[in-house]
Every structure is written in structure tokens, then in C-alpha cells.
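Undergrad: In case you want the letters, here they are:
There are 6 protein chains.
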Amino acid sequence: MSTLSVSENIENHPRVKAVFDDIRQTRQTDFVNNMWRYLAFDPDLLESTWREVKAVMVTPSALDPLTKEMIYIAVSITNACSYCVHSHTAAAKSKGMSAAQYADLLRVIALAGKTNQLASAMQLPIDTVFTHD
Amino acid sequence: MSTLSVSENIENHPRVKAVFDDIRQTRQTDFVNNMWRYLAFDPDLLESTWREVKAVMVTPSALDPLTKEMIYIAVSITNACSYCVHSHTAAAKSKGMSAAQYADLLRVIALAGKTNQLASAMQLPIDTVFTHD
Amino acid sequence: MSTLSVSENIENHPRVKAVFDDIRQTRQTDFVNNMWRYLAFDPDLLESTWREVKAVMVTPSALDPLTKEMIYIAVSITNACSYCVHSHTAAAKSKGMSAAQYADLLRVIALAGKTNQLASAMQLPIDTVFTHD
Amino acid sequence: MSTLSVSENIENHPRVKAVFDDIRQTRQTDFVNNMWRYLAFDPDLLESTWREVKAVMVTPSALDPLTKEMIYIAVSITNACSYCVHSHTAAAKSKGMSAAQYADLLRVIALAGKTNQLASAMQLPIDTVFTHD
Amino acid sequence: MSTLSVSENIENHPRVKAVFDDIRQTRQTDFVNNMWRYLAFDPDLLESTWREVKAVMVTPSALDPLTKEMIYIAVSITNACSYCVHSHTAAAKSKGMSAAQYADLLRVIALAGKTNQLASAMQLPIDTVFTHD
Amino acid sequence: MSTLSVSENIENHPRVKAVFDDIRQTRQTDFVNNMWRYLAFDPDLLESTWREVKAVMVTPSALDPLTKEMIYIAVSITNACSYCVHSHTAAAKSKGMSAAQYADLLRVIALAGKTNQLASAMQLPIDTVFTHD
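Keeping their order, the protein sequence lines are chains G, H, E, V, D and Z. When the letters of the first sequence are read in order and numbered with our numbering, they come out as residues 1 to 133. When the letters of the second sequence are read in order and numbered with our numbering, they come out as residues 1001 to 1133. When the letters of the third sequence are read in order and numbered with our numbering, they come out as residues 2001 to 2133. When the letters of the fourth sequence are read in order and numbered with our numbering, they come out as residues 3001 to 3133. When the letters of the fifth sequence are read in order and numbered with our numbering, they come out as residues 4001 to 4133. When the letters of the sixth sequence are read in order and numbered with our numbering, they come out as residues 5001 to 5133.
One thing to keep in mind: the hints can contain errors.
[What the hints assert, rightly or not] Only pairs whose alpha carbons sit at most 25 Å apart, straight line, appear in this in silico PhoX-like list of lysine-lysine:
{"id": "1", "chain 1": "G", "residue 1": "Lys54", "chain 2": "G", "residue 2": "Lys93"}
{"id": "2", "chain 1": "H", "residue 1": "Lys1017", "chain 2": "H", "residue 2": "Lys1054"}
{"id": "3", "chain 1": "E", "residue 1": "Lys2095", "chain 2": "E", "residue 2": "Lys2054"}
{"id": "4", "chain 1": "D", "residue 1": "Lys4095", "chain 2": "D", "residue 2": "Lys4054"}
{"id": "5", "chain 1": "E", "residue 1": "Lys2054", "chain 2": "D", "residue 2": "Lys4054"}
{"id": "6", "chain 1": "G", "residue 1": "Lys54", "chain 2": "G", "residue 2": "Lys95"}
{"id": "7", "chain 1": "Z", "residue 1": "Lys5054", "chain 2": "H", "residue 2": "Lys1054"}
{"id": "8", "chain 1": "V", "residue 1": "Lys3054", "chain 2": "G", "residue 2": "Lys54"}
{"id": "9", "chain 1": "G", "residue 1": "Lys54", "chain 2": "G", "residue 2": "Lys17"}
If you're looking for bench data, these hints aren't it; they were derived computationally from the structure.
All chains, full assembly: derive it from the sequences and hints.
TA: Laid out in C-alpha cells, this is it:
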């Protein structure tokens, strides 16, 4: 159930096909997941979103790929984004996340959910040592 | 501005003092931040929260301490928990987070915030390859 | 799957029937969607909710009906309210939202999701030109 | 109070200066707000964020500029992003939002906040007429 | 800092004065808090919001006044609504919330924040015994 | 659909079996819901989570069991945690929540969702009478 339907022949559109081909080559798989198939309704949105995902998540950077996936999962869980939790948990596993790392990730995310509530409840004043201006 | 006031002499309470002493020894500093000073209104809540923070964030585990802080930051940002963002960003810096890592953290968190909105907007069906039952 | 069951004969209740009749006449359709069918378990809640929805969304006001639906969608997406995203996206389409407008809506919502994360991450001080006291 | 400090001479960095100059020219004002001044700690993040904001919010598109600001406000309110609510409410006023439109915006956002809670509470099944697959 | 300024003479407007008088009489105090003073920019919004708050929170109903305030606090904490946490925690205290009840409230809210994250992380299938259709 | 699969023989693990036995005895039922069956992938996480749920929700405390369930529901609805809304609404019903109480709960939660948006929209300054420092 979604708010859009995907056309049977989305890859007939040359800009869509170019993005899908780049996804397939980048990930070394024929599979293109629904995020991209549904975004294809607007080639601009498809292109700009894929360009950013590739730049942030695929291009080597200061954080390693698995750490980036776990941060992505943390945001997605907190936003209750079901699709995103599924897709990024799968991605983290494919990048080598062990069961022990997954359990640790859940422990930190759960603890943060808890202490965020406590800090919000008490409306804690921010310690001056934590600030910069 | 908070919903509680902190008593001048909170450390007169022996259970509060014991927790504060353990925080000071664990962190090798005399400073005890407001989270603990305000939680001290209920020694049970103070003890159980510190015990869990220590077990999850201090005890060596499958993820390294800096990765855990960055995951904590990701949840806190998404929950718009001002105190938590300040305290855990400071903690991550004290554990060695570089400016390049911080910029990378923000890039991933910002991108997740964006694609979470897109997935929620389109109500994407979950690809069967992402599921387990 | 819901937390309530809908009685077979909800319209036997005269206050429920009156609300459903008004929904049908206002929208010029026989269809009454699940929001109202489930709220019927408490006629007061049904009446007051419909009265407010009608006053805000149907009565002519400073913003046009399609703009109001898109604002409704923006809140619903951010709250990850699956039912609300579905029902208000359908409503916006029935009020003439084009594919180009929908893509633009998604672009703004996605960008806001991203920059909200950046502002929350950096805990930006509010520029004095933005404030009123 | 923020998690970063802004260097006195941020515009000495040529890439930062180029973005600031483009912001000033695009908005026809000397004022550069804190979002950009703090993002300048990482010129890549500054450039890519400004490029996207300019493309989505400044370039003419299917939705008019004021409608886009109101959608931005709706997301920011729902995310409790204080900085974003302030900056985009100011932007909407500068684009002509009247008091009557602002009141209407608040009415829709408040109603959506309310009915999102009701739909989430009852876990409403999605009416089949609202779906596409 | 807010997005509106409050006029010096807001009570010169007869509809605003009528609402403020009713707030004062209902609460048996001369004090009118900022929620109402700022909402006064639009008398319709002021009247309808006060009418609903009075009906739900003041009129005797199935739940007692203190329980309703604690539920209000729970939502406000989770939404990170700083003003709302402050005002409703003050209201709960004025209705007799003890320190032990406040600590218990925080324990439940914190635990829910934690287990919500775990359930969202694992994307748990809903047990059939919990559903109604 | 979940991010984990549950092993057929989870209760062969002695620590898992001990927790499940305690759940069954505490609740006086053979049924163990999915939260616990999925958490069993990590016995530490299972044990610590159940220990906390039992301490907060089962052990007699300042708030009665039904009030605690309604507060839990309020957080879960606001976080859009589908599983949690289902399980805690079922728990509240089993602890005697009447239809009138449920309607009242929804009225308060919906009103809080609405006024949280208004307070966040206007960025209300906190009245000094609400604060403690």
C-alpha cells in the first residue's frame, strides 16, 4: 500500500534507466529496491536523491560504511520509518554487522530513547561546559 | 529553566553521594553534569539510570565508545532533545571525534532525515528481500 | 489491525448517523472512511472531531483547500502517521494536486526533514532578527 | 548555546565567501543567518546544503514560494525544531503571509497534530480506496 | 523569543477579554499564561482552543484531573514541547502530584521511550491476540 | 515483517527460558508476546528489558497499574509505535480500562497533540511562574 503506483515500464524513461543502471553497478546487483522505483515518478527527485545517497553513503569518507549505516538506522528507528529501518538494517547486515553489534546498537538506541525522555521531562538547563558561545 | 529545583545539599543523601562518587571515578573528573544532579530527586531513578548508562556506554562492548556516542547523538538530534545533543556532542569530542567525522555524522543524519520523509510520504511497500517472516 | 472493532450497525445510533449523513452530504459521496467509522465508538469524540475538521478544512478560509491539504500531509508525514498520509494524499489528489505539485511538496518536506536535523544537531542560536520579544 | 563555535574570520575561506556572497545576492540583503555561519565549519556541507535550499526554495517551481514556506513551517513545528520555526516563519512573513493566513496555517497544523494522534491511537486500517497496489 | 508579539492592550478586544475572564474564573486566579496571551492574535483560534481545553481538562469525565495532566505531560515530553512540559508539570503539581508520583511518571515515560525504540528497531509483527479485525 | 527471525527453539536457551517462565508466572498466562520472543536473540537485552518492565509496570508503586498503562499508551501513540500501541492498549483493557476511559484518554492525547503544535508554532516564552531556577 502506497500513495503512488509504479509504472510497468519505468525504465523506458532514459533518465530513470541511467539512475537504475548506476544503482546496479554501484551495488553490484540487479536488484533495485522500492525507494528508487517509486521515486522514479519524478526523474529530478530520483536523480538528486540518488546522487546524495551515493555521495554520502558510498563515497569513502571520515566514517566507515558500517558506522554510517548504524547512524542511519538510529535516525530511522527514532522517526518510526518502517521502510527505512528494514532497508538500512538489511544494508548494515550486508556490510558485516554482527549479532553482537546489532544488540549493542539496540542497547544504545534504547538507552538514548529513555534518557531523551528524562531530559525532556525535567527540562534540564544545559551545563555551561557543554556550550561554545 | 527546569521543572525541578536541585537541593543545595544533594550529596548529603548517601545513595546520591555514592552515585556521584562513582560518576566522578568512572569519568576521572570532579564535574557531575545536570542530568545526574536533577535525577537525584529520586535516588532509585538516579541509581538505575546511572547503572544502565555505565553498563551500555562505559563497559567495553561490540561497538567502540565513539561509535556509541555518535549513535546516541543521532537519536538525540532526531528527538530534538537539546540537553542530550549538547552533552553527547561534548562527550563525542572528548572521545576524539574529529571535525571531519562530525561533518560526516551530520551528513548521514541529515540525509536520513530527508529520506525518512520521502519513504513516509510515499508509504513504500517493504521489499520482500528486506524481511524475515 | 486496529485497537477497536467497528460494530456492524454503527449507523443505528442516531448521533452517529447524523454525523455520517453530514460527511456524505459535505463530500458528495456515499463513502465514509475508517477514521469516522472507528471514532463512532464515542459519539462525542466523533461529533467534535468532525465539527473541527469541517470548520478548518471545508469552510472557506484564508488558505485554499489544496494548500491546506498539503500542509496536513506535511505534518502527517513528519509524524509517520500512515493512515493520515494515505487519506490526505488521496484528498489532495481529489482537489487537483498535480504530479508536479506532489513532487514539489516532497522536495520541500524532504529538505525540511534534512535541515531540521542540521539545526537540531548544531543547536543553532536564533538570530535576533527572527524574534519578537 | 550551540555545539560549535563560529570563527571570527569565516569569510576568509574562499569557498565559504562564495556561498555567503551568493546568499546575499539571491536574497538581496547583507544579512547571513546562523544556519549558514555555523555550517561553514565544513565547506562541503555548506555548499551542498545551500545549493539544495536554493534549488528547492528559490528556483520557480510548481508551488509558489509562500506555500513552500508554509509547508516548511509545518514540518519544522512537528519536529519541534526551534531555529527552523523561527527562521521560516520570518521568511513566510517576508513573502507576504498575512495574519489571517498564519492563523489558518496554525489551525491546520494543530488539527493535523490532533487527528494524527487519533489515527495512531486506533491504529486505523487503511481504506482500500486510498491505496494504489 | 517567539514568532509573534503580544499587543499591550490585548484585553481591549471584547472576545479576548471574555476568554481571559473565563480562564480567570475557571482557574480562580488572575494569572493568564502565555499560551492564551499569544493565541489572542486570532480570537477564533483563542476561543476554540480554550473551549476544547476547558471541555477536556476541566469538565468532570471518566478520568480524574491529575491522571489527565500526567497523560498530557507524557505526550508533551515525547513531542519535546518545552512550553507544554513546563505548563502541564506545574498544573499537575497544583493538582497534587507528589514527588513519588512524579518519579513514577518519569519511570514509565522513560521506559516507554526505550521499548518504543526496541519495537521500532525490530519491526515486530503484531501478535494476533492484540488485534480486532 | 521484521528485521530478525525468531528461532524455532528459543526456549532451549536456559536464560531465555528463565525469562519466559517468569513472564508466564508474573502474568498468569502461557502466552509470551513477540516483544520478548524477538528480544531473545540477545539474552542480556532480554533479561535487562524484562527486569525493568517488571520493576516499573508490575511492582506496586505510587501510580496504579491502569494509570501507568495509559501513560505508556500516550508515549507510544506520540512515537507512532504501532506494536506498542497495540500491546499496551490490550494491556490497559485487561486491567479494566472502560470504553469511557479510553475515549477520555484519546481526547486528552488528541488535545495535547494539538496544543503541542500551537506552542511549538508560536515558540512561546515560558512563564516565569512555571520555572524553578
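Undergrad: Against this structure, judge whether each hint is valid.
TA: Status of each hint after checking the structure:
| no. | hint | in the structure |
| --- | --- | --- |
| 1 | Lys54(G) to Lys93(G) | holds (18 Å) |
| 2 | Lys1017(H) to Lys1054(H) | holds (16 Å) |
| 3 | Lys2095(E) to Lys2054(E) | holds (15 Å) |
| 4 | Lys4095(D) to Lys4054(D) | holds (15 Å) |
| 5 | Lys2054(E) to Lys4054(D) | holds (21 Å) |
| 6 | Lys54(G) to Lys95(G) | holds (15 Å) |
| 7 | Lys5054(Z) to Lys1054(H) | holds (21 Å) |
| 8 | Lys3054(V) to Lys54(G) | holds (21 Å) |
| 9 | Lys54(G) to Lys17(G) | holds (16 Å) |
Going down the numbered hints, you'll see the structure goes against none, and every one checks out.
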